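Sequences are here, hints too, so could you generate the full structure?
Last residue of the first sequence: number 468 in numbering that gives the first Met the number 0, and the count goes up by one each step with no gaps.
Derived from the structure by calculation, the hints contain no laboratory data.
Mixed in with the good hints, there may be bad ones.
Stated by the list, open to error - Below are the EDC-like pairs computed for lysine to aspartate or glutamate, each with C-alpha atoms no more than 20 Å apart in a straight line:
#, residue 1, residue 2
1, Lys381, Asp318
2, Lys314, Glu191
3, Lys345, Asp424
4, Lys466, Glu288
5, Lys466, Asp438
6, Lys350, Glu394
7, Lys466, Glu410
8, Lys188, Glu266
9, Lys435, Asp424
10, Lys345, Asp318
11, Lys200, Asp116
12, Lys345, Asp361
13, Lys79, Glu191
14, Lys102, Glu394
15, Lys270, Asp318
16, Lys200, Glu286
17, Lys466, Asp304
18, Lys102, Asp443
19, Lys11, Glu384
20, Lys381, Glu336
21, Lys314, Glu286
22, Lys131, Asp145
23, Lys200, Glu120
24, Lys102, Glu288
25, Lys466, Glu336
26, Lys350, Glu393
27, Lys466, Glu322
28, Lys57, Asp116
Every value quoted in this text rests on a predicted model; they were computed, and no experiment measured them.
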Amino acid sequence: MAIRIYNSLSRKKEEFVPLHGNRVSMFVCGLTPQDQTHMGHAKTYVAFDVVARFLRHKGYHTFYLQNVTDIEDRIIQKMKSTGRAWNEIVSGYFAEYLEVMEKLHCTSVDVYAFATDYMDEIIEQIQGLIRKGHAYVAEDRSVYFDTTTFAGWGRLSGQKVEELRPGARVEVEERKRHPADFVLWRAQKPGEPAWDSPWGKGRPGWHIEDTAITIRHFGPQYDLHGGATELLFPHHEAEIAQAESYTGTSPFVKYWMHGGMVMVRGEEMHKSLGNFWPVTAALQRYEPEVIRFFLINVQYRGPIDFSPELLDEAKRAYDRLRETVRTVEAERRRAPESGPGDRDLKVASAKVLTDFDAAMSDDFNTREALAVLFDYARVVNKAIEVGAGRTALEETARVFQTIARVLGLFEDRSEGSTLVNGLLDLLVSLREDARKRKDFAASDRIRDALAALGVTLEDTRDGVRWKRK
RNA sequence: GCCGGGGUGACAGAGCGGCUAAUGUGACCGACUGCAGAUCGGUUUCCUGGGGGUUCGACUCCCUCCCCCGGCACCA
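Pasting the structure below:
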């Protein structure tokens, strides 16, 4: 099935047709490592991780590029407040980011491109823009993009220049010729890190790095650009203006995708509001896969309200799926060749991947895809209850693996040491002996004690199963 | 003010010009169980922000109003 993507540029869903055959170039705005990675980052990067995984699943040869803004105002502020070097701040927070991403199974990025590694491209691009009359050097030797020279300004965001309120949020710099103009190169102030340029020492503006990076890797046009909705204006608008003015090629990006924000009780999550959730804090209370499940349990474009209650609910929901996957793994090893449940199971197995594909092809609707998975899980459980055969269960296991690879779920295995596992097996068999003697006081004591340690025992028709929390 | 997204059951949250309006959580009942858990079956009084319109038929399309969220020039 063809993929349909909601393109912010046209404000409708469009059939996805890459520029070059089945090769897809995809860029997502990365973060500025100047503070802890928070749940908002997690939502964005999990969402685009799923996008990349699904594209690859569909056979697209996908190159996923993400930038890292390693020089920017907030990093300089952090330097001033902590006394640490800019690159030290960046490497510390970026390491934390990578760690978080790995835990959340965000594994699909091919290259992380650091802005400061692209100084030559940045400078070359700014020079080109000046040469073509799209940029000007201000009296302090900063360089600004002249938005009045770009006819397409406002195309992405649907904004009319005259309708905007200059200074609604950020004060307008007085050096600009027009409030809409944005900085390409920022002249150095005393004590700030700086790079050499034809205009003197300074650093790149925020928007220019992305186009410098993508033009080097992808050329003047590429397929997909992702980011959170808050970046749509002015950041992405600025990218288009720079790139198209510089290369003369339009459209710069074929499909623009924007993901919804993480809210906390209806408010934007923000450090100053005191509702800030670093991912590491969430990870102390919830398993990584539960967090990932929680984040893809909504369509990526919508916002998501973050609260411990909703995460608890997500855990219960995810446990249901995970339980089924586990049961299948256990059953397929010891099931007879066939069983009375096979018929229904095979019918469902034949259909589920098609339904999953349809859901995901509709603008990466992970919510719908999970609903398909829940439906399937019910059929699987039922089939196992009435007795499913090995062949049919092997097929089910393959289905789950396929879906797991796309969604990045069901990867974590909690496995203990040989010693712990051995002790657990011993306790389980002691408890079984007690149960056979109808000594339920003893058997319940073992079960309760293990429960207190986070190990749940379940008596099933085919014996006892234990699992850790 | 302007631009964009959204308002669906107790809660979270999909979908679609007509099909029981998914799915999950919670609650209740039943089956299974020594009990529990997991699982299965059933129930949770027909829930689409208000008002118009188009249509044989609207949650879905159009208009209008109200409300929420984001952006408005250095936020994922």
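Hints, verified against the model:
1. Lys381 - Asp318: The hint holds at about 17 Å.
2. Lys314 - Glu191: violated (46 Å)
3. Lys345 - Asp424: violated (34 Å)
4. Lys466 - Glu288: holds (16 Å)
5. Lys466 - Asp438: Judged against 20 Å, a Cα distance of about 23 Å means the pair is violated.
6. Lys350 - Glu394: holds (12 Å)
7. Lys466 - Glu410: OK: Lys466 and Glu410 at ~16 Å, within 20 Å.
8. Lys188 - Glu266: violated (35 Å)
9. Lys435 - Asp424: Holds: Lys435 and Asp424 sit about 16 Å apart, inside 20 Å.
10. Lys345 - Asp318: Measuring from Cα to Cα gives roughly 24 Å; hence the hint is violated.
11. Lys200 - Asp116: holds (16 Å)
12. Lys345 - Asp361: It is violated: about 25 Å lies between the C-alpha atoms, which goes past 20 Å.
13. Lys79 - Glu191: The hint holds at about 9 Å.
14. Lys102 - Glu394: Cα-Cα ~28 Å, so violated.
15. Lys270 - Asp318: It is violated: about 31 Å lies between the C-alpha atoms, which goes past 20 Å.
16. Lys200 - Glu286: Distance of about 46 Å is beyond 20 Å: violated.
17. Lys466 - Asp304: Not OK: Lys466 and Asp304 at ~30 Å, beyond 20 Å, violated.
18. Lys102 - Asp443: violated (35 Å)
19. Lys11 - Glu384: violated (45 Å)
20. Lys381 - Glu336: OK: Lys381 and Glu336 at ~18 Å, within 20 Å.
21. Lys314 - Glu286: holds (9 Å)
22. Lys131 - Asp145: holds (11 Å)
23. Lys200 - Glu120: holds (16 Å)
24. Lys102 - Glu288: Holds. Lys102 to Glu288 sits at ~8 Å (cutoff 20 Å).
25. Lys466 - Glu336: The hint is violated at about 27 Å.
26. Lys350 - Glu393: holds (16 Å)
27. Lys466 - Glu322: This hinted pair holds, its Cα atoms lying about 10 Å apart.
28. Lys57 - Asp116: This hinted pair is violated, its Cα atoms lying about 33 Å apart.
Hint violations for this structure: numbers 2, 3, 5, 8, 10, 12, 14, 15, 16, 17, 18, 19, 25 and 28, all remaining hints satisfied.
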